[in-house]
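Novice: Assemble the whole structure, with the sequences as input and the hints as a guide.
Residue numbers (the working numbering), protein chains in the order written: chain A, 49 to 446; chain B, 49 to 446; chain C, 49 to 446; chain D, 49 to 446.
Derived by calculation from the structure, the hints in this document are not laboratory data. The structure displayed is predicted, hence computed values, not measured ones. Treat each hint with caution, since some may be false.
It does not matter which identical chain is meant; a pair holds if it fits inside one copy or across any two.
Pairs of lysine-lysine residues, derived as DSS-like cross-links and limited to a Cα-Cα distance of at most 27 Å, are as follows [unchecked claim]: (1) K294 with K63; (2) K446 with K372; (3) K124 with K71; (4) K63 with K372; (5) K306 with K85; (6) K354 with K389; (7) K71 with K305; (8) K446 with K306; (9) K294 with K446; (10) K306 with K317.
There are 4 protein chains.
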Amino acid sequence: MHQTHPVSSDENISKQSFIDRYKAVRARTVDICSKLKAEDMVVQPIEDVSPPKWHLAHSTWFFETFLLSAFSENYKVFDTDFGYLFNSYYNTIGERVLRANRGNLSRPITSVIMRYRAYVDSCLTEFLENTNPTQEQIEIIELGLQHEMQHQELLLTDIKYILGMNPTFPRYDVNSLVDTAVENETGFLSIAEGVYPIGYEGQGFCFDNELGCHKVYIHDFQIAKSLVTFNEYIEFIEAGGYQDFKHWHAEGWDWVKKNQILSPMHMYKVNGEWMRYSLSGFQKVVGEEVLVHVNYYEAAAFATWKGMRLPTEFEWEVAADNLKWGKAWEWTNSAYLPYPKFNIAEGAIGEYNGKFMVNQMVLRGASGATFPGHSRKSYRNFFHPHLQWQFSGIRLAK
Amino acid sequence: MHQTHPVSSDENISKQSFIDRYKAVRARTVDICSKLKAEDMVVQPIEDVSPPKWHLAHSTWFFETFLLSAFSENYKVFDTDFGYLFNSYYNTIGERVLRANRGNLSRPITSVIMRYRAYVDSCLTEFLENTNPTQEQIEIIELGLQHEMQHQELLLTDIKYILGMNPTFPRYDVNSLVDTAVENETGFLSIAEGVYPIGYEGQGFCFDNELGCHKVYIHDFQIAKSLVTFNEYIEFIEAGGYQDFKHWHAEGWDWVKKNQILSPMHMYKVNGEWMRYSLSGFQKVVGEEVLVHVNYYEAAAFATWKGMRLPTEFEWEVAADNLKWGKAWEWTNSAYLPYPKFNIAEGAIGEYNGKFMVNQMVLRGASGATFPGHSRKSYRNFFHPHLQWQFSGIRLAK
Amino acid sequence: MHQTHPVSSDENISKQSFIDRYKAVRARTVDICSKLKAEDMVVQPIEDVSPPKWHLAHSTWFFETFLLSAFSENYKVFDTDFGYLFNSYYNTIGERVLRANRGNLSRPITSVIMRYRAYVDSCLTEFLENTNPTQEQIEIIELGLQHEMQHQELLLTDIKYILGMNPTFPRYDVNSLVDTAVENETGFLSIAEGVYPIGYEGQGFCFDNELGCHKVYIHDFQIAKSLVTFNEYIEFIEAGGYQDFKHWHAEGWDWVKKNQILSPMHMYKVNGEWMRYSLSGFQKVVGEEVLVHVNYYEAAAFATWKGMRLPTEFEWEVAADNLKWGKAWEWTNSAYLPYPKFNIAEGAIGEYNGKFMVNQMVLRGASGATFPGHSRKSYRNFFHPHLQWQFSGIRLAK
Amino acid sequence: MHQTHPVSSDENISKQSFIDRYKAVRARTVDICSKLKAEDMVVQPIEDVSPPKWHLAHSTWFFETFLLSAFSENYKVFDTDFGYLFNSYYNTIGERVLRANRGNLSRPITSVIMRYRAYVDSCLTEFLENTNPTQEQIEIIELGLQHEMQHQELLLTDIKYILGMNPTFPRYDVNSLVDTAVENETGFLSIAEGVYPIGYEGQGFCFDNELGCHKVYIHDFQIAKSLVTFNEYIEFIEAGGYQDFKHWHAEGWDWVKKNQILSPMHMYKVNGEWMRYSLSGFQKVVGEEVLVHVNYYEAAAFATWKGMRLPTEFEWEVAADNLKWGKAWEWTNSAYLPYPKFNIAEGAIGEYNGKFMVNQMVLRGASGATFPGHSRKSYRNFFHPHLQWQFSGIRLAK
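Specialist: Structural data, given as structure tokens:
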């Protein structure tokens, strides 16, 4: 989930409420980590997962680099090594630690990173209070906040992976509802053929991959009102879904065979009973709840087995206003590609757009880990088709 | 290039002319191999390349399995091992030799495979002569011929790889014009915004991935009248195109760095001069000729460097009637995905459609290696974005 | 460094002094870790390195499993998961976490492991105080202490790797002298041809790979009185030693090329000056100090370049009484193989002897990280020839 | 099996008989290949195996490079590319094709290589006839012949692998007895403790790794009069030998698990019956015959299961005169290391001695594929412990 560029910011926001919002967003990242032990902050069991302390530092580095170092005259960088250590993929900015190596770095320790956060927050707050921030500066801060919200979701995903792969299955938070949702509706919504507008049109923030509002011709289709539940998916498993190549993409089937996959991530059959690891602990599967942690191959195979298909991202967007979405990121059958007239922003901030537009599939909606309010129907999330570690589920279409 | 299913066949074809056509297509495969040595028939330097004798056998196996074994009552299979050895990826049919292992099999030798071809051709011709073939049987044979034409193109591509990676650069055919084409036109064609029909509508043969003729909304665009030439691409190289990440997709840049890529496949800078291996031998690059052997990453990076982009497959199809195409497969910026209402055929023949529709990009047009007549504007070729070994080039859009 | 089985223990030791010794050895492990941060306890940058908290737990698990669970009637295992988590390679005992996966386990956290240590220490002390331990039990405890001393050395080695690979080069202990030693002597010692006894003959503890005292015929040889210094080795580097295949074993040369090795581990040339990371910090190389962190390939290549060779482990043992050794583990030119009449002990404790006797080279001596007193001239250390992360150096012979 | 350097040559050989011998040895290589098809000459299914046409060329290149180019004034190299293509591992001589890449080179084809052989043979014969060859030249030719005999054995081994891995199991030669031998003797030979001479002492040819005749102290031991048979080894398999880690070296056990090994190479259990591929075809195992195609791990595991061990290479050499050896290469428990006073020859010819002396185990004896007469009790063959593709068997000791 790497997108960027604010196109507008609500001009009615007063400076103080903007500062308050800054503080609130930043505080939530720390709050997510407050349930962890120091040891949890360091590990990186797979390359896709980043250590929690890296998220804490990287989201801070964003504000330091793109706002304070760029615009605050007397700003003194907290630690010159941090540019190297906490840059993620901005080649424009300079060398960076190989992603796979993040979990090997025990230093700087979390308490130092917390001092880094406090220092940057204090400098940035002071900067806002003492200056008249330009529209560009406001936009960069807004982008940094959106970026931080994305990392909050990744943090929850990564924490689930870190604790869930531990053979002792430690709980994150016994009261967490992040990965627990129930669906009640049944049936399909029908949409009529025609030309529809796609993309963001409002006045608020959006990423540039949503821009270039344009027309798409859509044929008649039907889309499910509910996401697929554990019960429905277990039917697929028990019917031998993971043993029959004919439901699968060729690459999906290779993935199943090579990794000996028998179920979605975090699901286990123990003594004949389906269990799963959720952030609230290791527990029995509740069949009515929304399935999460399937990858695109699994989503597509399930749909094929049902004699249906996944919706395209355009169908999803057209239907969205009439769907109760937000319980899990929803795999679409659309590849992540640029919209017509897509433009890449100048400089480092623009770097991470078009460059990810190959070999990834679009997910629409939001999950229980998404920052409240950090979602809209034009939002385009994207991941490689083999990845299960997100809170990702299935909505059927036909 | 793996597609299938004829939807119609010209009913006016007389049986004899159909038999003649069968013989002509089959003969061309043998003809392509006639310029090779026995040793050339065996090797498989990379997994994507198949040994020429495998192509000879596999295309024959198709007719044996799907027609003779299925419909000819007294047909005796030539060799029961061949089903195992020469199946490519039809899981429905049974076990198969791992693709990467094809080049390790010295037996059966080419002369045995040539006997296999003769045997199947004779049985099939006899079958056609002595029976009244059904429409289904005609369609299967037609599909087998289309399949064989695809393998003829792959044969030329694979032969070029096999000889071109040999440090002695042996010639395939001094008179070959397969990978040599000149472009004369300049400028761009403009197409107006609107709803356009996409997909195959005729009465002849097509693959099922072209079916489901449907409407697409297309915005104003311009498309180049000519393909990019060696001269234009060398400009990109000499300007440091392979050294600057900002033109590249993130995955493309990783590919460049990991493989230390400095130019398209089969191009070499020797003593300050640009050389290339073509099927007619190792020779100086002629700058005005059409560039071939770039992958999608290179095509996209070049377009970005030019401040333009690649066309989508829909834009290409809409413009095709006004373009002189056919000199090299053209990378589009469309991912290979199903058309609306795409249906998978029953049984093994239907197996290889939807299952490749992930992580590949569409190429449109045709190359100098394409069977004359085996091309049409709705034809959807597709390959993984990192592959250079095809006769693939670049057409710009904006 | 994995060896086992005490053959004797000093029977004159009083029980109380044995308990005191137990406490002292155990305390040193905790002391070594006391200079680390919680975050340092978790990481495993390469498979050979184990996280410090794993060492703390594994050495405790040894006493719990082989003594308390085996002999103490009412002993209640601290946590049943720990058998799975902290077994290293004892297949007899059951499943274990894959070695490469140790660094992915943030739980149990260090404070829990410290409670585990306290619990086991208290139970074991109580057991000793309240019973009359048998000779077998004494031997197991003695073995556990020897095992713990080995892990203390590994801890220092692993800590050096963990901190030394961090781009910020954090210090372990500014006063550490573990990897700093000076050599003063020059010249060679001459030993005359003859039959010599090899192996352990005393009454104290030894590992079973030292047993089977036997005769070896040794020809005339000379052995250096000092280990190779940084200055001497830098001469080799500056003379192009890493660029000329002819000094190297074929596998050593492959290792150099594949990993682009230019110097021993923890050495760097910065602005024309040789620097190294030592446990006391990143600093200029002191040329007179003993070279450490070469692997067998480097040791052998250096010796070849000097026109000499490495001693065999038998030559080393014969000369040992006349050498001042102990400043760095010394690569010999002997493969790690069983002595004549070598016997494997019964059960799990015997498991880790013969099974490592292939593809490893013997090191003799001791290093600055070796527990004081935990060394003797018959001690056989062993590692794979490509490993640099030990405190390993070079003594020449001819 | 890569050794070198003749130390002496029988001076009583007349020039003509030397020429005749040259022709006879060279002819046998061609004869071994005469039973192959052109396609068999090219393939390289694993890196350890070389294509037969590569052996034909490489053994010729040796004479061209080290004799003709070095000493024959007007000699014109057959093809300048061949130095690059057919050098094996002589870094001194220059660039070479990566070993793993040999099977990708279809050119030069076999008939060209046969011309190369004829050309070199004719030039070399002429050289011998028209000059008075020096002792050094005689020694180089002798070394070339010994080298060729080694490659003849490798050819048979590689041919067996190439045909044996083909699912159709083609025969090499229905009358071949290369991998078929019977043992009749039983019981053990006892050898008394003492100092014994080891190494080559005669006047004939030997490799330099056999030189440096020296003394070794050997303790009492017993060595089996016969090699292990298929029947004996099948007992080990049926007793679960491949399922119980405790017989195995740790690395051997990893190899078993990772590769899911259930039996030696070329052995298969089909419908409850033990079959094997031999050069005379796919056939039932004859239990009384000598087991071949085990690696060192298997040999050692079998010995451990029997409560015995493998002999050292020194024990083997001391016992050899009283053993009927030569039916299969015999794994010893000695690592391949230099003898005392081992010296590396100058220049390229000396290059391939010491450089292989790490991580390999010594085999003694000879196999049915060894050139008649190309064996002696001091001969040291060596391979990596995981390799099964040689004609290698087991002799027990205790």
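Novice: Given identical chains, is K354 near K389, meaning Cα to Cα at most 27 Å, within a copy, between copies, both, or neither?
Specialist: Intra 37 Å, inter 15 Å, cutoff 27 Å: inter-copy only.
Novice: Given a CA cutoff of 27 Å, do K294 and K446 count as a within-copy pair, a between-copy pair, both, or neither?
Specialist: For K294 and K446, only the intra-copy Cα distance (19 Å) is at most 27 Å; the inter-copy one is 40 Å.
Novice: Can you tell me if K446 and K306 fall within 27 Å by alpha carbon in one copy, between copies, both or neither?
Specialist: neither (31 Å within a copy, 42 Å between copies)
Novice: Between copies, within a copy, both or neither: which fits K124 and K71 at Cα up to 27 Å?
Specialist: For K124 and K71, the Cα distance is within 27 Å only inside one copy (21 Å; across copies 50 Å).
Novice: With 27 Å as the alpha-carbon cut-off, assign the pair K306 and K317 to within, between, both or neither.
Specialist: both (20 Å within a copy, 25 Å between copies)
Novice: Is it within a copy, between copies, both, or neither that the alpha carbon of K71 lies no farther than 27 Å from that of K305?
Specialist: For K71 and K305, the Cα distance exceeds 27 Å both inside one copy (47 Å) and across copies (40 Å).
Novice: As a check of your reading, is K294 near K63 (CA-CA no more than 27 Å) within one copy, between copies, both or neither?
Specialist: For K294 and K63, neither the intra-copy (58 Å) nor the inter-copy (36 Å) Cα distance is at most 27 Å.
Novice: If the cutoff is 27 Å on CA atoms, where do K306 and K85 land: within, between, both or neither? Let me know, please.
Specialist: Neither: 34 Å inside a copy, 36 Å across copies.
Novice: Indicate which option fits the pair K63, K372 if close means a Cα-Cα distance not exceeding 27 Å: within, between, both or neither.
Specialist: Classified as neither; 34 Å inside a copy, 59 Å across copies.
Novice: Using 27 Å as the alpha carbon limit, work out where K446 and K372 are close: within a copy, between copies, both or neither.
Specialist: within (18 Å within a copy, 38 Å between copies)
Hint check: violations occur at hints 1, 4, 5, 7, 8; the rest are consistent with the structure.
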